[in-house]
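Protein chains: 2
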Amino acid sequence: MQALIERIKKEGRNLGNGILKVDGFINHQVDPGLMDQCGQEFARRFHAIGATKILTAEISGIAPALTTAFHMKLPVVYARKHKPITMPDQVFLTLTPSHTKGRIVELIISPEYLAGGEKVLIIDDFLASGATILGLVRLANSAGAQVVGIGALVEKTFEGGRQALQHLGIPIETLARIRQMDGDQIIFED
Amino acid sequence: MQALIERIKKEGRNLGNGILKVDGFINHQVDPGLMDQCGQEFARRFHAIGATKILTAEISGIAPALTTAFHMKLPVVYARKHKPITMPDQVFLTLTPSHTKGRIVELIISPEYLAGGEKVLIIDDFLASGATILGLVRLANSAGAQVVGIGALVEKTFEGGRQALQHLGIPIETLARIRQMDGDQIIFED
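As they're listed, the protein sequences go chains A and B.
Counting from 27, one number per residue, gives the positions in the first sequence under the numbering used here.
Counting from 27, one number per residue, gives the positions in the second sequence under the numbering used here.
Isolated chain A (complex conformation) (with noise of 0.2 Å):
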């Protein structure tokens, strides 16, 4: 998506190690106008997937997921990494390695939210290895619930998120697509 694309462009930075800093309008300041814009972009190229829920993970995940479900009139679920007071004792867990965080992180998912039959469209905010989408994933096969899209705004096809997701079948679709991040230099797929 065009202006997504421009906007990593113009403020986006590598850090090296792969690591993108978008922090000016994605995961520490948001531009609630691109996120709008991102979440009806989804809503377009996943109208006809029969979604029931939205499903992300706290905490960047949560701005494109609510837009995108805002435009979709869906609910959306954020798993949260730390069980808070108000959830029930039994619960859907599972561990997924954080890039980011350097070391394992929970998902947890009440299982008020999410029960089976649900057809749940993954909205996240970057794909890289794929590891939490799949944390994601599992967490919803274990509620019984069928995936049946992965939205993400930035990939990094680099990084083969896309290759480990292949096996469900399903659509993949991300908004901006880097090939390669070097020095000051961050290229997209064409």
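Please note that a few of the clues may not be correct.
Copies of the same chain look alike in the list, so a pair counts if it fits in one copy or across any two.
Below, in silico cross-link-like pairs of lysine to any residue (SDA-like), each with a Cα-Cα straight-line distance of 25 Å or less [what the hints assert, rightly or not]: (1) K99 <-> A69; (2) K99 <-> E138; (3) K107 <-> S124; (4) K47 <-> A29; (5) K35 <-> I212; (6) K127 <-> H108.
Worth flagging that the hints you see were computed from the coordinates, not collected in a lab.
All values reported here derive from a predicted model rather than from experimental measurement.
Use these hints to put chain B onto chain A, whose structure you have.
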């Protein structure tokens, strides 16, 4: 705001110890249409305060802050509770007790996204004791920014947060005001 009050009456649950469970539409599963209505309402109530930026705290503040920011056409910054590697080494940090977590949490903002002279509207999900919001006020002040308004979806008036913020002399707007929670009963202010 009637839509929010009705939803709390229908789905909110008193878990005891002043804890209100609203994780079916605010802070685990989110109703994006309701959040959009709340954002519109905050935008209406705060349209004349001259805010230049919305400030909130991760995680549950993000949804209402984002929709408010969208309707006010302002950027939104969410204070992080753990410093991500994309943030510079020098940050604004404050400590605040978390009632629902039962421990002290950090609130961290990058100086890149909160500058002197900014006029800040704080939006959060709950106004209870006011501790988290006072933490955000300290962060804004240490950046040289001025807080010009405070909004929360749900106020628990029996926890004294409004009194704790009164010395700031700025508008405080909440969309559902709960006077008492007693067994299965959630009693709203008139």
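Going through the hints against the structure:
1. K99 <-> A69: Answer is both: 9 Å inside a copy and 21 Å across each meet the 25 Å cutoff.
2. K99 <-> E138: Within one copy only: 20 Å inside, 34 Å across.
3. K107 <-> S124: For K107 and S124, both the intra-copy (11 Å) and inter-copy (16 Å) Cα distances are at most 25 Å.
4. K47 <-> A29: within (17 Å within a copy, 38 Å between copies)
5. K35 <-> I212: Close inside one copy (7 Å), not across copies (50 Å); limit 25 Å.
6. K127 <-> H108: Both: 15 Å inside a copy, 10 Å across copies.
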